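Visitor: Can you build the whole structure from these sequences, using the hints too?
Number of protein chains: 2
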Amino acid sequence: MREIRKINIIGAGNVATHLAIALKNAGIEIPFIYSRNQESADILSRKCRSNSTTDISKIITDIDLVIVSVSDDALAEVLDKLGKGNSLIVHTSGSVPMDIMSSYSENYGVLYPLQTFSKDRDLIFKEVPLCLEANSSENLEALRKLAYLLTDHIYFIDSFQRKELHLAAVFACNFPNFLYSIAEDFLKKNELPFDLIKPLIVETAHKAIAISPSKTQTGPAFREDKKIINSHLQMLMKHENYGEVYKLLTKSIIDLKKQKKLNDKTNTKK
Amino acid sequence: MREIRKINIIGAGNVATHLAIALKNAGIEIPFIYSRNQESADILSRKCRSNSTTDISKIITDIDLVIVSVSDDALAEVLDKLGKGNSLIVHTSGSVPMDIMSSYSENYGVLYPLQTFSKDRDLIFKEVPLCLEANSSENLEALRKLAYLLTDHIYFIDSFQRKELHLAAVFACNFPNFLYSIAEDFLKKNELPFDLIKPLIVETAHKAIAISPSKTQTGPAFREDKKIINSHLQMLMKHENYGEVYKLLTKSIIDLKKQKKLNDKTNTKK
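Protein chains in written order, with my numbering: chain G, 4 to 273; chain W, 4 to 273.
Wrong hints could be hidden among the right ones.
[To be verified] Computed list of lysine to any residue pairs in SDA-like fashion (alpha-carbon distance at most 25 Å, straight line):
1. 218(G) to 74(W)
2. 268(G) to 225(G)
3. 264(W) to 214(W)
4. 191(W) to 225(G)
5. 166(G) to 243(W)
6. 192(G) to 270(W)
7. 9(W) to 158(W)
8. 192(G) to 266(W)
9. 192(G) to 158(W)
10. 87(W) to 138(W)
11. 129(G) to 49(G)
12. 166(G) to 233(W)
13. 260(G) to 241(W)
14. 129(G) to 209(W)
15. 241(G) to 225(W)
16. 148(G) to 163(G)
[Stated by the list, open to error] Residues from chain G that face chain W, not an exhaustive set, calculated with beta carbons under 7 Å:
17. 118
18. 167
19. 174
20. 177
21. 178
22. 185
23. 193
24. 202
25. 206
26. 211
27. 217
28. 252
Don't read these hints as lab results, they were simulated from the structure.
All values derive from a computational prediction rather than experimental measurement.
The C-beta atom is built at its ideal place from N, Cα and C for all residues, glycine as well.
Guide: Below is the structure:
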């Protein structure tokens, strides 16, 4: 069974940074980190006691695993540059199928960390879910052993499911963050501090995961409180875009509540 | 200066429960807790070493403060039943103006805790923002002193601002929770565990408040990644309502990003 001890990394962005540091902390050797951007490669390499390089050919020699952690758009270009090699290779993307990696090697897979990363924000990697896929059971086992060093949360997710997961993540991360930013902007325009609603944002998230968001829904839409909904829409008249968002989400909450009631009734009748 | 040592509470719902327990823990005496529902009144009273009652007339005698913590709809009815009294009285609602309380007494105000409460979920009350308003500086000072016993986060917010705050809270709490529930349902339909995205939900919230949601926006919409957006819309075709939500939020994120760029340009030219 192949054991992964030496890993080269392509990319020095947010995901690459957190992954590289977690690998280093787990005792993995990272001989080279490649980035098109010398400075980014340097910064991350210093943190991981690696060599930085802007010469991609250095990446593919004498190594157990190559991790390609670049934007989806850059992935094809990187693979093109890499040409052919032998080592196991993975990408870290939520939405790109695994098979794209087959152009490089006969041993390939995916190592997708499902989290929102920023270079300058620490997090506990042990809590990050790692989604694994590989083209053979041997490669999958090698990735599993590696992942086990990094996190307590390992999932085996194929390319099809990973795409669904990535879409769910948009609803769980990108869209809520956008709504926070509307709240922030709306407060600012009304000369109220964003600090005021920070505890609410955090508790809403914690409560939803502790119980279940479908059971913790509250608010004027859920209560179908038309008086408050109308007064809110009035207040949002000046903010056209926000009013549209408010209207649709309110309508969706009411519609889905009705739909659920209907389903529950149908199920009871059965 | 009036000092508040004895408080009666009308209501035994989520807000009343957390507030009553926090008051009790702060050494405040709560002679009576009223609820239309005897069982709810009993449960909360036991926790606060109070007497429970379904007779509202017991509430208004020999007391420093009456807290009315009922639903917005029930508030007028409660005030009607209360008639006239002397003690300071407050409600705890985000969207009801303070003046409604004037029917009861010449001393009135609002004590609005900006948080999402559930009876069966503990939280640290010291971290809950309390928004205060009163009809006189003396009453406000009395409320401030009381609030100081309960929390480290006291804000003076008038009825107009409180309404704005309440609307912001819908964007910061109710709507994100709804999006979590879409993610939950979508994962369930695709036989993926909700556990997978729990760390993402929590980190998204923490990151947004630590940095600023306007600076932490990521995702296909923000990158204007049309390829992924289209593939997501394709996947959502079976879920009509979710597709609509995805489409509008994606459009809003793109529109607001363009708007922001335009504003930044205009500001630079000035």
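Visitor: Hints first: check each against the structure and report whether it holds.
Guide: Outcome of the hint check:
no., hint, result
1, 218(G) to 74(W), "holds, 19 Å"
2, 268(G) to 225(G), "holds, 19 Å"
3, 264(W) to 214(W), "holds, 20 Å"
4, 191(W) to 225(G), "holds, 22 Å"
5, 166(G) to 243(W), "holds, 19 Å"
6, 192(G) to 270(W), "holds, 17 Å"
7, 9(W) to 158(W), "holds, 23 Å"
8, 192(G) to 266(W), "holds, 15 Å"
9, 192(G) to 158(W), "holds, 18 Å"
10, 87(W) to 138(W), "holds, 17 Å"
11, 129(G) to 49(G), "holds, 22 Å"
12, 166(G) to 233(W), "holds, 13 Å"
13, 260(G) to 241(W), "holds, 18 Å"
14, 129(G) to 209(W), "holds, 17 Å"
15, 241(G) to 225(W), "holds, 24 Å"
16, 148(G) to 163(G), "holds, 23 Å"
17, 118, "holds, 6 Å"
18, 167, "holds, 4 Å"
19, 174, "holds, 4 Å"
20, 177, "holds, 3 Å"
21, 178, "holds, 5 Å"
22, 185, "holds, 5 Å"
23, 193, "holds, 4 Å"
24, 202, "holds, 5 Å"
25, 206, "holds, 6 Å"
26, 211, "holds, 5 Å"
27, 217, "holds, 5 Å"
28, 252, "holds, 5 Å"
Of the hints listed earlier, there is not a single one the structure fails to meet.
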